[in-house]
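Peer 1: Listed below are the residues making up each chain.
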Amino acid sequence: MTHITVKVDGTTYEDDVEPRLLLVHYLRDRLGLTGTPIGCDTSNCGACTVELDGASAKSCSVLAVQADGCEVTTVQGLAKDGEWTRLQRAFHERHALQCGYCTPGMLMAARDLLRENPHPGAEEVRHALEGNLCRCTGYQNIVHAVLAAAGQQVAEEATA
Amino acid sequence: MIPPAFEYTRPGSVDEAVRALADAGEEAKVLAGGQSLLPLLRLRLAFPELVVDVGRIPELRGVREDGDTLVIGAMTTHHDVVHDPLVRRHAGLLAQATATVADPAVRHRGTLGGSLAHADPAGDLPAVALALDAALVVAGPGGRRTVPAREFFVDYLQSALAPDELLLEVRIPKRAGWGFHYEKFHAVAQSWAIVAVAALVRRDDGHIAEARVALTNMGPTPLRATAAEEALTGADGPGAVARAAEAAAEGTRPSQDLSASPEYREHLARVLTRRAVLTATGTG
Ligand SMILES: Cc1cc2nc3c(=O)[nH]c(=O)nc-3n(C[C@H](O)[C@H](O)[C@H](O)COP(=O)(O)OP(=O)(O)OC[C@H]3O[C@@H](n4cnc5c(N)ncnc54)[C@H](O)[C@@H]3O)c2cc1C
Ligand code: FES
Ligand code: FES
Numbered sequence: 001m002t003h004i005t006v007k008v009d010g011t012t013y014e015d016d017v018e019p020r021l022l023l024v025h026y027l028r029d030r031l032g033l034t035g036t037p038i039g040c041d042t043s044n045c046g047a048c049t050v051e052l053d054g055a056s057a058k059s060c061s062v063l064a065v066q067a068d069g070c071e072v073t074t075v076q077g078l079a080k081d082g083e084w085t086r087l088q089r090a091f092h093e094r095h096a097l098q099c100g101y102c103t104p105g106m107l108m109a110a111r112d113l114l115r116e117n118p119h120p121g122a123e124e125v126r127h128a129l130e131g132n133l134c135r136c137t138g139y140q141n142i143v144h145a146v147l148a149a150a151g152q153q154v155a156e157e158a159t160a
Numbered sequence: 001m002i003p004p005a006f007e008y009t010r011p012g013s014v015d016e017a018v019r020a021l022a023d024a025g026e027e028a029k030v031l032a033g034g035q036s037l038l039p040l041l042r043l044r045l046a047f048p049e050l051v052v053d054v055g056r057i058p059e060l061r062g063v064r065e066d067g068d069t070l071v072i073g074a075m076t077t078h079h080d081v082v083h084d085p086l087v088r089r090h091a092g093l094l095a096q097a098t099a100t101v102a103d104p105a106v107r108h109r110g111t112l113g114g115s116l117a118h119a120d121p122a123g124d125l126p127a128v129a130l131a132l133d134a135a136l137v138v139a140g141p142g143g144r145r146t147v148p149a150r151e152f153f154v155d156y157l158q159s160a161l162a163p164d165e166l167l168l169e170v171r172i173p174k175r176a177g178w179g180f181h182y183e184k185f186h187a188v189a190q191s192w193a194i195v196a197v198a199a200l201v202r203r204d205d206g207h208i209a210e211a212r213v214a215l216t217n218m219g220p221t222p223l224r225a226t227a228a229e230e231a232l233t234g235a236d237g238p239g240a241v242a243r244a245a246e247a248a249a250e251g252t253r254p255s256q257d258l259s260a261s262p263e264y265r266e267h268l269a270r271v272l273t274r275r276a277v278l279t280a281t282g283t284g
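From first to last, the protein sequence lines stand for chains A and B.
Each residue of the first sequence is one higher than the one before, counting from 1 in full-length UniProt numbering.
Each residue of the second sequence is one higher than the one before, counting from 1 in full-length UniProt numbering.
Think of the hints as simulated: they come from the structure by calculation, not from any bench.
No experiment lies behind these values; they were computed from the predicted model shown.
Do not rely on the hints blindly, as some may be mistaken.
[Stated by the list, open to error] Covered, in the sense of this in silico footprint (three residues per stretch, anywhere, with C-beta under 8 Å from a C-beta of chain A), are these stretches of chain B:
#, segment
1, 32 to 39
2, 42 to 54
[Said to hold, decoys possible] Here are the computed distance ranges between Cβ atoms for each label pair:
#, chain 1, residue 1, chain 2, residue 2, range
3, B, G12, A, T12, 20 to 28 Å
4, A, A79, B, G12, 52 to 60 Å
5, B, D204, A, Q153, 45 to 53 Å
[What the hints assert, rightly or not] Interface residues of chain A toward chain B, partial, derived using beta-carbon atoms under 7 Å:
#, residue
6, D16
7, P19
8, D41
9, A55
10, H92
11, R111
Positions of the beta carbon are idealized from the N, C-alpha and C atoms, including for glycine.
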């Protein structure tokens, strides 16, 4: 067992964990933060994306012990006092989800993009989301939602 | 899936890390960004007894200059390589190729050293290290040694690193005035190259004075396309470059997999070499 201290969505946790415990399992099974799903076993789908010390990371590809001393933000830490972020609202308004399984990862990846590039074009949004798979939406509305959240014109035909 | 059980240590310095590796012998595995190792552990394709996490050793991270050489710490992440002004200025080929690796989340964690130590012939950075004539500085129980990239990639997923050795830094000669291009062919945006070509070209008076061409995924290790390089010397226009590119697959041993046959890979090597060289010379 290894002792870790991790701040998750603003709360500091101390735990003894097995070194092999994946961060995503720590979040889901130990902390009960099941908003972060697991979609694959190959590090490909991005459903499990969280923010680790300010940068997006696939939490299925990080050990909990690697997050020792770090700050983690999950999709459950985005809303403040029940108030959605602009990005979350845009996903809602633009119908950027169907089953919703990819949505937590999409939100975290999009948030990462908007931090580095607050006014991306459609092409840049697509590139930034290349590590996140959606099996339902065809991506169109996800791209529109991110553009809308960034205050960009959404040219429906330009992104077709 | 859940990885097999292992012991874990997180040394704070290179010396501590080397000692931990030496004590554990063959049973230890270095953990850098974990973007190749953790998928392997999850699929239970690796069973280390000890994982040595080198992620918090400050001296392994960052980019500096040493005269005519650019020095990149093994633990420098792909994201930091892509955005580093020194890398962009002196090793633009590396910055360009690294931007095509995986996706933003993987690039935040995956490292240059991890990509080279992993020695995957489908990885983008081994061929780039070969094209740039990089030298890899390695520490082990017997001290430090420097391995040129052309001797570092020994076989499929096998580097010249001994189990108790740690890759410290990557030294790249600066190449003022060389054109470059990394041409990657892949089926899905975040996926590995089916084939890719790294080209570096020095032009003189309208013709190519010198060329270095390296191939990704054309054999069990990254390869130099030496026949194409020779034919490029003195080439003076798209026609001459196209003829040189015809030699790009000479001496390669491409594999067969779900994405491509060996013949198709050879075809890609020729087409991508022509594109890479023309773009590197600014005539593409
Ligand atoms: C979805 C996905 C897509 C990807 N796509 C691409 C792609 O298109 N192109 C590409 O090139 N790569 C790709 N990768 C791999 C990625 O580049 C990894 O970051 C890289 O292969 C390994 O780097 P790492 O720092 O994560 O190393 P780790 O996974 O930590 O380690 C990899 C291996 O190297 C050894 N090692 C690491 N560092 C050292 C060191 N300093 N000294 C000695 N040994 C060391 C480890 O013991 C291990 O055997 C992809 C990965 C994923 C998950
Ligand atoms: S569950 Fe992490 S990438 Fe798919
Ligand atoms: S909404 Fe179902 S996977 Fe994206």
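Peer 1: Now look at each hint and say whether the structure bears it out.
Peer 2: Each hint, compared with the structure:
1. Only residues whose beta carbon comes within less than 8 Å of a beta carbon in chain A count, and the segment 32 to 39 of chain B has 4; three or more means the coverage holds.
2. With 4 residues having a Cβ less than 8 Å from any Cβ of chain A, the segment 42 to 54 of chain B passes the three-residue criterion, so the hint holds.
3. Under the hint 20 to 28 Å, the C-beta atoms of G12(B) and T12(A), about 23 Å apart, fit the expected range.
4. For A79(A) and G12(B), the Cβ-Cβ distance of about 38 Å falls outside the hinted range of 52 to 60 Å, so the restraint is violated.
5. In this structure the hint that D204(B) and Q153(A) lie 45 to 53 Å apart at CB holds, the actual value being about 47 Å.
6. The criterion of a C-beta within 7 Å of any C-beta in chain B is not met by D16(A), whose closest approach is roughly 12 Å, and the hint is violated.
7. For P19(A), the suggested interface contact is upheld, since its CB lies about 3 Å from the closest CB of chain B, less than 7 Å.
8. At its closest, the beta carbon of D41(A) sits 5 Å from a beta carbon of chain B; the interface hint therefore holds under the 7 Å criterion.
9. Checking A55(A) against chain B: minimum C-beta separation of about 4 Å stays under 7 Å; hint holds.
10. With 7 Å as the threshold, the beta carbon of H92(A) stays out of range of chain B, its nearest partner Cβ sitting at about 23 Å, so the hint is violated.
11. The beta carbon of R111(A) comes no nearer than 11 Å to any beta carbon in chain B, farther than 7 Å, and the hint placing it at the interface is violated.
The structure does not agree with the numbered hints 4, 6, 10 and 11 stated previously, though it agrees with the rest.
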